[in-house]
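2 protein chains.
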Amino acid sequence: MRRLLPLVLLALLSSPPAFSDAGMWTFHDFPRELLKREHGADIDSAWLDRVRTATVRLANCTASFVSADGLILTNHHCSEACLDENSTAEQNLVRAGFLARTRDKELKCAAQVADVLVGMENVSAQVSAAIHGLNDKAANETRKKTLAKLEQACEEASKGAAAGALKCESVDLYQGGQYWLYKYHRYDDVRLVFAPERGIAAFGGDPDNFQFPRWCLDMSVLRAYGADGKPAMTASFLALRADGPQAGELVLVPGHPGTTQRLLTVAQLETLRDVDLPRFLLRAAELRGRYIQFGKSGAEANRIVEDPLNSLENVIKVRRNQLEALLDGRLLQRKRAEEVALRAKIAADPALAGGGDPWADIARAEVRARELSLPYALLEERAGFNSRLFGYARTLVRAAAERPKANTERLNEYRETALPRVQKRLLAPLPVYPQLEKLTLSFSLERMREWLGPDASVVRQLLSKDSPDTLATRLVDGSKLADPAVRKQLWEGGQAAIDASQDPMILLAREVDAEARAVRKLQEDEVEAPVQSAAQKIARVRFKEYGTTVPPDATFTLRLNFGTVQGWREGSQEIEPFTHTARLFERATGQEPFKVPDSWLAVKDQLDRETRFNLASNNDIIGGNSGSPLVDAKGRLVGLIFDGNIHSIAGDYWFDPKLNRSVAVDTQIILEALRKVYKANELLAEMGQK
Amino acid sequence: MRRLLPLVLLALLSSPPAFSDAGMWTFHDFPRELLKREHGADIDSAWLDRVRTATVRLANCTASFVSADGLILTNHHCSEACLDENSTAEQNLVRAGFLARTRDKELKCAAQVADVLVGMENVSAQVSAAIHGLNDKAANETRKKTLAKLEQACEEASKGAAAGALKCESVDLYQGGQYWLYKYHRYDDVRLVFAPERGIAAFGGDPDNFQFPRWCLDMSVLRAYGADGKPAMTASFLALRADGPQAGELVLVPGHPGTTQRLLTVAQLETLRDVDLPRFLLRAAELRGRYIQFGKSGAEANRIVEDPLNSLENVIKVRRNQLEALLDGRLLQRKRAEEVALRAKIAADPALAGGGDPWADIARAEVRARELSLPYALLEERAGFNSRLFGYARTLVRAAAERPKANTERLNEYRETALPRVQKRLLAPLPVYPQLEKLTLSFSLERMREWLGPDASVVRQLLSKDSPDTLATRLVDGSKLADPAVRKQLWEGGQAAIDASQDPMILLAREVDAEARAVRKLQEDEVEAPVQSAAQKIARVRFKEYGTTVPPDATFTLRLNFGTVQGWREGSQEIEPFTHTARLFERATGQEPFKVPDSWLAVKDQLDRETRFNLASNNDIIGGNSGSPLVDAKGRLVGLIFDGNIHSIAGDYWFDPKLNRSVAVDTQIILEALRKVYKANELLAEMGQK
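Protein chains in written order, with this note's numbering: chain A, 1 to 690; chain B, 691 to 1380.
Hints listed in this document are in silico derivations from the structure and should not be mistaken for laboratory results. Cβ atoms here follow ideal geometry from the backbone N, Cα and C, with glycine treated the same way. Be aware that a few hints might be false.
Stated by the list, open to error - Computed from the model, here is a short list of chain B residues facing chain A with C-beta under 8 angstroms:
(1) Asp964
(2) Leu972
(3) Gly988
(4) Glu990
(5) Glu1140
(6) Leu1142
(7) Ser1147
(8) Gln1151
(9) Glu1276
To be verified - Interface residues of chain B toward chain A, partial, derived using beta-carbon atoms under 8 angstroms:
(10) Ser777
(11) Ala779
(12) Ala975
(13) Glu976
(14) Arg978
(15) Arg980
(16) Leu999
(17) Arg1139
(18) Lys1155
(19) Asp1156
(20) Gly1280
(21) Gln1281
Claimed, not checked - Heads up, simulated BS3-like pairs for lysine-lysine below, C-alpha to C-alpha not over 25 angstroms straight-line:
(22) Lys465(A) <-> Lys1114(B)
(23) Lys986(B) <-> Lys465(A)
(24) Lys1007(B) <-> Lys317(A)
(25) Lys827(B) <-> Lys595(A)
(26) Lys604(A) <-> Lys1155(B)
(27) Lys986(B) <-> Lys296(A)
(28) Lys36(A) <-> Lys604(A)
(29) Lys1234(B) <-> Lys1035(B)
(30) Lys465(A) <-> Lys1294(B)
(31) Lys1155(B) <-> Lys827(B)
(32) Lys296(A) <-> Lys1155(B)
(33) Lys835(B) <-> Lys1178(B)
Could you build the full structure based on these sequences and the hints that come with them?
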């Protein structure tokens, strides 16, 4: 799999940069001339508008409409949380798969949303005017306030419109080079229509993750519903091209790449290499061990741990290979050369960067970043309180404190335009597994004690008469926050309800809140602010050189990139761009994760062994592109992005055209499987397939 | 705790160097003048001889004789394996402690030995003559053969002697600058006399490990027995000084520091930093998670996993702080400066290094070391086959192949002089826990598949129709190697017995042996040989400059160092050198690992709250020094080394006199506890205490 949006990663990394070799282009600055020159294809604005509005942003992935009745195609792993929340000890949908033969059988995905980008407005001038002449700290705060105001005004304005209320989100492109408001139509009601068994969706499991050749039917089908409870009418949708793409054919990928780090300075990359990545990986590796061992304690334990384990193993593979990329001298050498070149430009024209040395400014801020890294991760990013219940408690405690404030004075994630998502996530009736809660909470408390030391104030405060196990047990057993109704009451009751609550998880969240906020404030003022300011200076130099002829870094906003279907050369070996059904059965060991589901074995002889299964292309994708359609020059869907090869992980820092490949499910196997294995004739008909 | 000899580390790291700031001095080149000059103390050769022969080398630690009847004082954690092997599901001696009130109640430690260094012979000339004029690869092989021959001849010669047969071991000092034969009297029969509860021996557990202030009674008492089954007569022993040392007092530490890396080149340190340490830590962190979760599955699981978990957590703490030291720019900066200075000496006198650039030679070899690191660790060092049963199988398969060869043609660990220890370890009736075996073997197979990839030949060979779990289960359930009698039969049956065996673990060891040996050969020829040769050139330059006025790197051979009792300044805080009993009770949380045992709570009011508990000194120690006596200028025992502070871990690479401190149990609390808590009057009397 698994080009999932790495949420944890987003939280961990401090600041976004800009610059890409290959190209995650915006729709408003798509290089149509370049595409025409290189591939002879003419993409007009009608094409762009249609593909844009047929592309969907899920909470964690990309997807696309594939029927006029709101049918959405995305990856299996993008729907795994939904499958999980609809599973029980008796019926494990992740393993068994699911098909709603009629619309009334479709299953709600409580935490899922589907956003369609319907408008884009450049607000750079407003932001520039607001922060002009301010120092770093003031500029950082004012920038956030200005964007919060613009978002809110945009949403207010849309409320009267005929097309319905919009979600407005500010977007920082080119590291402060441009600011935009992106306007979305949001479907809040998303339901599950179809998913195959995980055994075939993720055939090869973690060992094969980020590998190619592959044989994964990593697909699922959802449906967007309107506020009226009826299937959404989606005039823009993509038709499936049944034969898939040809080798060498031009293919385009619209989607929401989550984050790239291609313009981080050497000092920032060194912090990642020396501090953030190794520490994260050590914690993650231990948690992986605990999950695996827990999963062996019984069938139900195995079921409830499967989804968190999969996510964790995915992020471990990503981070480990990011670390490898940073340890490989080539990358940093190249980055150093880039810095030398840009510094020379400033030396020739000091006014460019407004005087000063922004690289040195960032290096200084990084010293502070290293000092704050541990308390920030443990206290503010909750690495010391790894628990869904604590997450609810933190949200409730902070929302109660923030919501009474003026919109521009709040912590960023509680600004008015963000609240609906916060509320939805808080109140979604997701299952909470006490055993798993105790495991993760005890683990994280124990590591907090290890890393901060037994004499750190927060450790003394919590563990003076408790062990991590006894504390976690008491908190999880005593808390009522697993009940959505209790959460709703506290959410609606505001500060008074929080003050009155004796829920031990609420008490804990209150107890550590001041210290967490304090370290966040330090991080914002002493790291984020100077880095933002210096990065903007660097971006200005770069922007002046290149303008929008290079694409900005990824920001989980809609992009479009192009490439061709092709394999690569791995050492002395030529990797072909397509895999076929025949080899799937040869590769099966009969043991997880290389076990082909019974449904496939039952029809093995009826399947065309030459059907194309997965394919590689040189499109430039990253986490968040999961579920992106692969479209041909005519805008037809020819594949479904679900992963990249192992070299694609370094794509976070640079695009290596020789090695970096995306990996997709071919429409050939999608249709073959729906037809012969799952006999999903209604679905096929709705997608216009005979 | 836990200055244990890090065996795994020894295995992982490739080559030994030389140079130390502080001083792990040999007994044959002890700087008596320096000591006199700096501390006014006069240590004569009688003192040195007496302390040397009162000091004991255990299999994993240091210890000292404390009575004329073979009584041995060492750390609790040095005897934890012995406590473990004598425990049952009903009686957990690690937790409960143990006291043999009469000698017939003393418990055998099956895998323990006690060595006393009785002779030292310089054989540098013989080795030099043998390798003169050879190329790197031939010199590396010839050096090993020559040392094997010298050892064997030494042991043969001692067989007729009145004092009894000796164990002769070659020692490489100053990275090939000197070769010695060290001659030991070995006690093969070592028994457990006393150990307190782990709750007080390791009060504070992993969180407090390598921390100071501390309150640990990390002691145990063993007894050496002669071949006649009677207590050994040990004329050389140390008397306990009841009042312990004073702040600022001179204290000396005889002991067997395991290994230091103070002369590795920058290229070698970078391999550790970028490759070996992070990869080891990632595997270890996951295994820790599996162990912890396994331990929660029941009381017996908790008992059997405790010892391996403690060892693992110790090594994780060590390696993590080693990695931190290497990531801290100061260390590598200093090393780079040293290299520049030494290179300048060679530039001024090229003949010094025999022409060429030994640093460049090592850097080239390190490129290869990085490539080989993973297969070497997984296949040859058994990180891919983490199982005691597989270890037995590997030993049996290899011993059968090696023993018929001429002594000098064998793999180093099967040379004639090493065989008795190999045999003892193989046949010791240690418990094998199938559940734990499956856990570690499945884990390591799974990581081997992850790291080498599902398509690596060894992975395909083993896992084409199995998962790591099914394979591990089949191997462990099917193997009979847990029975010492079966191992004995195979050991004695030689190659014919191995060929005839259908034990699945033997079959596995045979199946992977060729590939493991092949990667070892590559490592020896393409990494070890050129590094050894280049390091010897560097050592020659250094040796010419300094001679024996600097001590050689640690090699788990007997050393003596001196320092004074003192604390240090941690940031703005002054750390006092002593802790006292009063604070132990204040610090207790009532929860593991901060739970004071009932035996102590019962006599709490009778204990003198001012008794000194643990102490810090600036002696230069490292893993292997665990259990070392801390002696005063008169050669009396005033403390028992059991740990260092957190800064001492970087002592592997350099000694930082400002921060690096050793940590010892004060004799005050040793005697107080034996008297009032354990009422061990026989022991006290034998040690000459009223």
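Tested hints:
1. Asp964: This interface hint holds because 5 angstroms falls under the 8 angstroms limit.
2. Leu972: The hint holds - Leu972(B) has a Cβ within 8 angstroms of chain A, the shortest such distance being about 5 angstroms.
3. Gly988: violated, 10 angstroms
4. Glu990: Glu990(B) check fails; min Cβ-Cβ to chain A is 15 angstroms, beyond 8 angstroms.
5. Glu1140: holds, 6 angstroms
6. Leu1142: At 10 angstroms from the nearest chain A Cβ, Leu1142(B) fails the 8 angstroms test, so the hint is violated.
7. Ser1147: Violated - the Cβ of Ser1147(B) stays beyond 8 angstroms from chain A, reaching only about 14 angstroms at its closest.
8. Gln1151: Status violated, d = 13 angstroms.
9. Glu1276: violated, 11 angstroms
10. Ser777: violated, 23 angstroms
11. Ala779: violated, 20 angstroms
12. Ala975: This hint holds: Ala975(B) lies near chain A, its Cβ roughly 4 angstroms from the closest one there, short of 8 angstroms.
13. Glu976: Constraint on Glu976(B) satisfied, holds at 4 angstroms.
14. Arg978: The hint holds - Arg978(B) has a Cβ within 8 angstroms of chain A, the shortest such distance being about 5 angstroms.
15. Arg980: This interface hint holds because 4 angstroms falls under the 8 angstroms limit.
16. Leu999: violated, 12 angstroms
17. Arg1139: holds, 5 angstroms
18. Lys1155: holds, 5 angstroms
19. Asp1156: OK, holds: Asp1156(B) within 8 angstroms of chain A, min 6 angstroms.
20. Gly1280: holds, 6 angstroms
21. Gln1281: holds, 4 angstroms
22. Lys465(A) <-> Lys1114(B): Between Lys465(A) and Lys1114(B) the Cα gap is close to 45 angstroms, so the pair fails against 25 angstroms, i.e. violated.
23. Lys986(B) <-> Lys465(A): holds, 20 angstroms
24. Lys1007(B) <-> Lys317(A): Roughly 23 angstroms separates the two Cα atoms, so the pair holds.
25. Lys827(B) <-> Lys595(A): The given pair, whose Cα atoms are some 47 angstroms apart, is violated under the 25 angstroms limit.
26. Lys604(A) <-> Lys1155(B): holds, 19 angstroms
27. Lys986(B) <-> Lys296(A): holds, 12 angstroms
28. Lys36(A) <-> Lys604(A): This hinted pair is violated, its Cα atoms lying about 43 angstroms apart.
29. Lys1234(B) <-> Lys1035(B): Distance ~11 angstroms between Lys1234(B) and Lys1035(B) Cα, so the pair holds.
30. Lys465(A) <-> Lys1294(B): OK: Lys465(A) and Lys1294(B) at ~19 angstroms, within 25 angstroms.
31. Lys1155(B) <-> Lys827(B): With Cα atoms ~41 angstroms apart, Lys1155(B) and Lys827(B) exceed 25 angstroms; violated.
32. Lys296(A) <-> Lys1155(B): With Cα atoms ~20 angstroms apart, Lys296(A) and Lys1155(B) stay inside 25 angstroms; holds.
33. Lys835(B) <-> Lys1178(B): violated, 28 angstroms
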